[in-house]
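So the sequence lines, in the order shown, correspond to chains A and B. Mapping of the first sequence onto UniProt numbering: residues 1 to 254, in sequence order. Mapping of the second sequence onto UniProt numbering: residues 1 to 194, in sequence order.
I should point out that these hints are in silico values taken from the structure, not numbers from a laboratory. Certain hints may be false.
[Unchecked claim] Here are a few chain B residues that face chain A, going by a calculated C-beta distance under 7 Å:
id, residue
1, Val56
2, Pro59
3, Arg128
4, Glu152
5, Ser173
[Stated by the list, open to error] FRET-style restraints, in silico, Cβ to Cβ:
id, chain 1, residue 1, chain 2, residue 2, range
6, B, Glu45, A, Glu191, 45 to 55 Å
7, A, Glu152, B, Thr154, 16 to 26 Å
8, A, Arg113, B, Gly105, 29 to 39 Å
9, A, Leu200, B, Asp163, 45 to 55 Å
From the three backbone atoms N, C-alpha and C, an ideal C-beta is built for every residue, glycine too.
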Amino acid sequence: MVAACSDFRVEHDLVLEAHGFRLEPLAQQHVSDLARMVDADLWAGMSAPLPEGEVGMMNYIEDSLALPGCLPFAVVDLVDGQVRGSTALVDHHPEARRVEIGRTFYDRAVWGRVINPASKFLLLQHAFEGLGVYRVALRADARNTRSLGAIERLGATREGLLRGYRDDRDGTRVDSVSFSILEPEWPEIRERLLNRLDPLRSIEASMPPLASVGASVTSEVVQEVADALLQHGPVPVPPRAAARRQRRARRRRR
Amino acid sequence: MEHDLVLTGHGVRLEPLGVQHAAALAPLVDAEMWRGMTSPLPDDEAAMTAHVERLVATPAMVAFAVRDEHTDGSPVVGVTTYYDVASAMGRCEIGNTFYGRAVWGTHVNPAAKLLLLTHAFEDWGLARVALRGDARNARSLAAMRKLGARYEGTLRDHRVSADGTRQDTVYFSILAAEWPTVRDGLLARLGDAG
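Model the full structure from these sequences, guided by the hints.
Given below as structure tokens:
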């Protein structure tokens with residue numbers, strides 16, 4: 001029996017961009033950047049076999065494009081234009097209004113930073129608001145505490161343990177934990193993501209409104225602002241926060 | 001997808017599903033039994049032909065018509081499939097199954113499961129076979145438990161059922177190490193000496 005995967009090769013032209021990152025259609029132009037960032041340890045949680053070198057990554061990209069119901073992306077950091085990873089919407093069943101987020105890996109250099117919440121925000125927003133799905137599933141290896149933690153931090157609901165789901169490098173089977181987010185849950189999850197992506201957002205939301213453009217700064221207003229800042233604690237100002245504030249200021253001026 | 005796999009034994013024959021089976025299959029289904037399926041009820045030949053065509057066209061799905069060889073003429077009594085066959089990942093699922101009421105409680109379902117699971121574990125060498133069902137379908141869930149499959153979780157609002165409502169999908173699986181016990185259970189049910 002042979003499955004004719006190549007019959008289903010589909011290129012898409014969807015670009016999703018916000019919060020300092022762009023998800024653009026995965027293509028062979030990304031092969032060198034992606035091949036360079038991958039090693040066996042980084043690939044440990046992935047379903048597909050480790051792509052070896054550029055040839056391996058070319059095949060991985062072709063496989064991604066040939067998967068039915070799959071929209072694969074390269075993730076680009078808008079500040080420096082670097083390709084920093086790849087992710088995908090997979091297993092889209094429009095009639096059942098469901099899709100999965102998967103095939104995700106990022107450059108080690110950006111682990112623990114905003115690339116994942118930004119990518120998840122863009123994919124979830126497109127899934128619920130663009131594709132109009134009701135359900136988004138996510139999975140991670142039962143032993144991949146980093147990935148599990150990231151999914152839990154999103155606010156997804158854990159649904160089950162898929163036993164012996166795939167092979168590990170040493171030939172043992174590993175379990176996979178399955179999660180989902182449903183459409184009624186998206187607004188709250190969206191808020192959580194936006195607050196993570198913009199640390200000032202929740203502070204601004206809790207700040208008192210200015211009475212008018214010409215309002216004088218009274219001691220009461222100063223105290224309220226100080227209280228809000230104290231409540232939220234010190235705000236770290238990573239370099240990109242300055243760029244984001246500039247972009248927000250430009251948008252407000254429009 | 002198109003295939004040429006035939007599985008026989010224990011009083012059933014599983015052969016590649018095709019539109020030629022639609023006429024025999026259409027009279028077997030009714031709304032009550034179709035409630036847990038995720039496609040519209042195919043209770044006339046045209047609708048059943050469309051249903052069969054959809055199954056045959058689905059990638060990574062191996063669809064069978066099931067014949068009852070214990071009855072004269074070996075009539076077609078239902079459909080079953082492997083799906084999400086991912087041999088590189090060592091796994092597949094069994095589902096999209098229905099049988100006419102006349103063969104409920106007979107050898108047909110256990111025999112078909114025995115053939116499908118034997119082929120999956122012993123010929124394809126898979127590590128995992130999963131089965132899913134509509135959370136409302138108590139009969140189906142009981143059958144999976146009776147098989148010896150293990151419950152893994154419930155996928156919330158996963159499926160759109162034949163009546164258009166969203167329902168939960170329950171997820172069961174059998175692992176390769178569990179297969180011998182499952183096989184022995186099926187053989188005992190079928191009354192074979194082993």
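We went through each hint and held it up to the structure:
1. Interface restraint check for Val56 (chain B): the shortest CB-CB distance to chain A comes to about 13 Å, outside 7 Å, so the restraint is violated.
2. Given the 7 Å rule on beta carbons, the hint for Pro59 (chain B) holds: about 5 Å separates it from the nearest Cβ of chain A.
3. Checking Arg128 (chain B) against chain A: minimum C-beta separation of about 5 Å stays under 7 Å; hint holds.
4. Taking 7 Å as the C-beta cut-off, the interface hint given for Glu152 (chain B) holds, the closest approach to chain A being about 5 Å.
5. Of the supplied interface hints, the one on Ser173 (chain B) holds, with its beta-carbon coming within about 6 Å of a beta-carbon of chain A, less than 7 Å.
6. For Glu45 (chain B) paired with Glu191 (chain A), a C-beta distance near 52 Å keeps the hint of 45 to 55 Å intact.
7. Taking 16 to 26 Å as the suggested C-beta distance range, the pair Glu152 (chain A) and Thr154 (chain B) conforms, at roughly 18 Å.
8. Roughly 59 Å separates the CB atoms of Arg113 (chain A) and Gly105 (chain B), a value that falls outside the hinted 29 to 39 Å.
9. The supplied range of 45 to 55 Å is met by Leu200 (chain A) and Asp163 (chain B), whose beta-carbon atoms lie about 48 Å from each other.
Hints 1 and 8, counting from the list given before, are not met by this structure.
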